[in-house]
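Undergrad: These are the residues of each chain, in order.
Number of protein chains: 2
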Amino acid sequence: MLLETCLAIGGIAGAILAMKRWQIKKRDIKGDRKAAYLSRITNTTGDKPPNIIIVLCDDLGFGDIGCFGNASIKTPHVDILARHGMMFKNCNSSAPVCSPYRAGLLTGRYGIRGHVAGVFFPSGLLSLLISPFFYSRGMRGLSPDEITLAEVLERAGYATGMVGKWHLGDRRPHLPNDFGFNHFFGAHFSNDMVPYAIYRNRDVAIPAPADQDVLTQQLTKDAISFIDSSVRSGKPFFLYYAQPFPHDPLHASPAFRGKSLAGLYGDAVEELDWSIGEIIATLKHHGVFDNTMIIFTSDNGPWHEGNPGYQRGRKYLPFEGGSRVPMIACWPARIPPGTTCKSPCSHLDIFPTILSLLGIAPPQDRVIDGQDISPILSNPQIATNQHPYHYIPLKNAKAIRKGKWKYHSRHGSDNAAYFLLRPGPFLFDMEADPQEAYNLAMNHPDIAKELASELEQFNASLKKNQRGWILRA
Amino acid sequence: MLLETCLAIGGIAGAILAMKRWQIKKRDIKGDRKAAYLSRITNTTGDKPPNIIIVLCDDLGFGDIGCFGNASIKTPHVDILARHGMMFKNCNSSAPVCSPYRAGLLTGRYGIRGHVAGVFFPSGLLSLLISPFFYSRGMRGLSPDEITLAEVLERAGYATGMVGKWHLGDRRPHLPNDFGFNHFFGAHFSNDMVPYAIYRNRDVAIPAPADQDVLTQQLTKDAISFIDSSVRSGKPFFLYYAQPFPHDPLHASPAFRGKSLAGLYGDAVEELDWSIGEIIATLKHHGVFDNTMIIFTSDNGPWHEGNPGYQRGRKYLPFEGGSRVPMIACWPARIPPGTTCKSPCSHLDIFPTILSLLGIAPPQDRVIDGQDISPILSNPQIATNQHPYHYIPLKNAKAIRKGKWKYHSRHGSDNAAYFLLRPGPFLFDMEADPQEAYNLAMNHPDIAKELASELEQFNASLKKNQRGWILRA
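Protein chains in written order, with this note's numbering: chain B, 2 to 474; chain E, 2 to 474.
There may be inaccurate statements among the hints.
One copy or two, either will do: identical chains are not told apart, so a pair holds if it fits within one copy or between any two.
[Stated by the list, open to error] Below are the DSS-like pairs computed for lysine-lysine, each with C-alpha atoms no more than 30 angstroms apart in a straight line: (1) Lys396 / Lys260; (2) Lys343 / Lys75; (3) Lys35 / Lys405; (4) Lys465 / Lys236; (5) Lys75 / Lys90; (6) Lys403 / Lys464; (7) Lys450 / Lys49; (8) Lys260 / Lys405; (9) Lys75 / Lys465; (10) Lys236 / Lys464; (11) Lys343 / Lys31; (12) Lys396 / Lys35; (13) Lys465 / Lys450; (14) Lys31 / Lys49; (15) Lys31 / Lys285; (16) Lys403 / Lys260; (17) Lys464 / Lys260; (18) Lys343 / Lys236; (19) Lys49 / Lys35; (20) Lys222 / Lys465; (21) Lys222 / Lys35; (22) Lys464 / Lys222; (23) Lys464 / Lys75; (24) Lys236 / Lys403; (25) Lys260 / Lys285; (26) Lys31 / Lys222; (27) Lys75 / Lys403; (28) Lys260 / Lys49; (29) Lys236 / Lys450.
In short, the hints are calculated from the structure, not lab data.
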């Protein structure tokens, strides 16, 4: 009996390893292209480029902060960013779920292009067993040939630091320090995964299980320390501050626990807001607040708690509640204060926009799915353009947004009570009907047909050239 | 092979029949109690009681009509009812899904008490096969010993008519004419079920498949004809007008098709609004508008299309989007015009409230789950009381509302992407947080504990005495 069990396990393991080897062969990693691109980037720091801070919350809903209409949670420091900067009311994240989203934010490309086709689970038996089937070609982290914002900025002369949740792989060559961050302090994955340890660069700083109650305090301290040392070094800096909250399970330090009017969720968000206040104070202390671009946002819609702000659906769904998130860009030296942008845009745009602001040409060997929206930063009234944004929960697009129109292919219901049903297709006018309530496909058959075809072509292109490689002429 | 198949089918059929026989024995039908109660009701029509019309829409969302904030769908006639009557902003239906809801509306008791524990499918093999497992004790319609509003009003001297969708059984003794309606014109079940025929009383009037495009026109004509003949007869009347729309599949007549700004859904709602206009005109023509109580509402939240009006979730779910519906009560002779009631109430209250208005004692042999809210009809400012309302999608309660608090037990996620998860329990302050976003269970452990216990006791009482029989002293 023991022999048979061993043989069976051995057989399964062998099959998995064989499949993985086959997948690795098929992965078409193009590290040489990446190296060639990065080597061409020159130091831009002579032009006094802005410092860049991205504050990314985890599962924070569109309606969870004061300046976006929340009355129960006090976010005075986020509200300061809004008063000094631009609020984006029509910004979608790059994916409605964690890992694909983070790939999209850092690369300007849909997660699937970098083999990020789902949430990465911690390395271990489960991850190993599901990897051949669940992950894109078995890859358990962001593909090493993807080019991240940190790598570009590092080449351009920035000090690059990351604080918080990574979630793009928990082993080499998928770690923050493998992707251009000189400094890392945080966790490899979500705060509901185990073993939840906190790393400083490649070493464990706080062994699992880390006390999450004090996590925001620790991350804030580290973020400030990174800013301090970067300013002292005379370099511009890029800080990617990926807050682990208000992702479930919720935590807050004793000073914030029970203080908000919105339960532990509100406490966590108010502590996160405090953290932003500390960062603003540090920037002001160093006299660099005016020339720092702070982008405040969230990765996707809310999960079990949280307020999607009158959008339909929640996290993971291709409805707006899954990916419409609050975004603020504050950069007093450049962005007009107290402004609001209503044009559709996406976090995919952050990579090409920052490159454009710094005068760095984007990679030419691969599709960049986002677009340069830097003109909007000077004038939020610029009319909606027709750049298409796709809604890709996992491996292919379920919906497409173009201008005011959003088209859903037939896909699984958003309603758990009817999860077996596949209603649609739907065409929604997102200006007249932001809640995706009324199907206009019959009223505008030409638009529905055009978008259906574009969505289909996009999915076909993903099948044919998932990585989006552009062949050199 | 044929023999084995026949034997297997025979065996399964035999087992089902045996189980059904056993279930029928266990059904504890108490027809004598019902007869005794009804026999005690005396004719009340000497006091000029109001005519009563309930206009029930199917799957219409809280945000789908003009006076409840919709800008795309024009509902001038429903809006007239609001201007002449009272809008209920905090009214929940008796269940978030069709058949249990309709049982609750007509009896003032949760559907499960009358063996309505799910949606009834048309009689046939599917219905037969699932009935032992899916339906409460295999009953495929409202239990014959349930007392409906129509039966009470018929005994009180009213002409009773029903037009539209029944959905409480498609065979005797479960049909509208078995439950106090002298007149019936409509369908036995939802418009997505087959064979979809239209009946006049017990006979097929329009064979399946009935043309649903002209259904609202036909139902309107019949409703008006019923009002005409009732007024001519000198009797007060009760009309239950159960609109089949905007339940999917959507239909509208050529005059309305493509006319709204909200697709076919909006067209169907605008035609339904027209229908209400025709009814108002008929009442005015007969000079009886002032002494007619018109209740306009919906059975549950929206399904694939439609706007739940900033509530969380949709049809079938124990979140508000499943059962918070628009309700208007218009009765110029009694209800102050242009008023709004914000106190929590339920469609379960309609049965005891109408009985109270007519001075008829409710049945004493069974629990009535609703409460008499007739004082609110004169003064909508009456403070919220502590009557508990339960959220029962099928056989037991998943959540409880009491005053401003709503408590969810741990139950399946509302989010189809996480349908396997069971988050919670949650305690929500429905005044501060109507979107059920922030769990306050940790902030108010006493309230959470009290409501958890009340919910548990209620579910235990359903197990012990599902029918809610009250033993005579």
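Undergrad: Does the structure break any of the earlier hints, and which numbers would those be?
TA: As far as the earlier hints go, 1, 3, 4, 7, 9, 10, 11, 14, 15, 17, 18, 20, 21, 22, 23, 24, 26, 28, 29 are violated by this structure, in ascending order.
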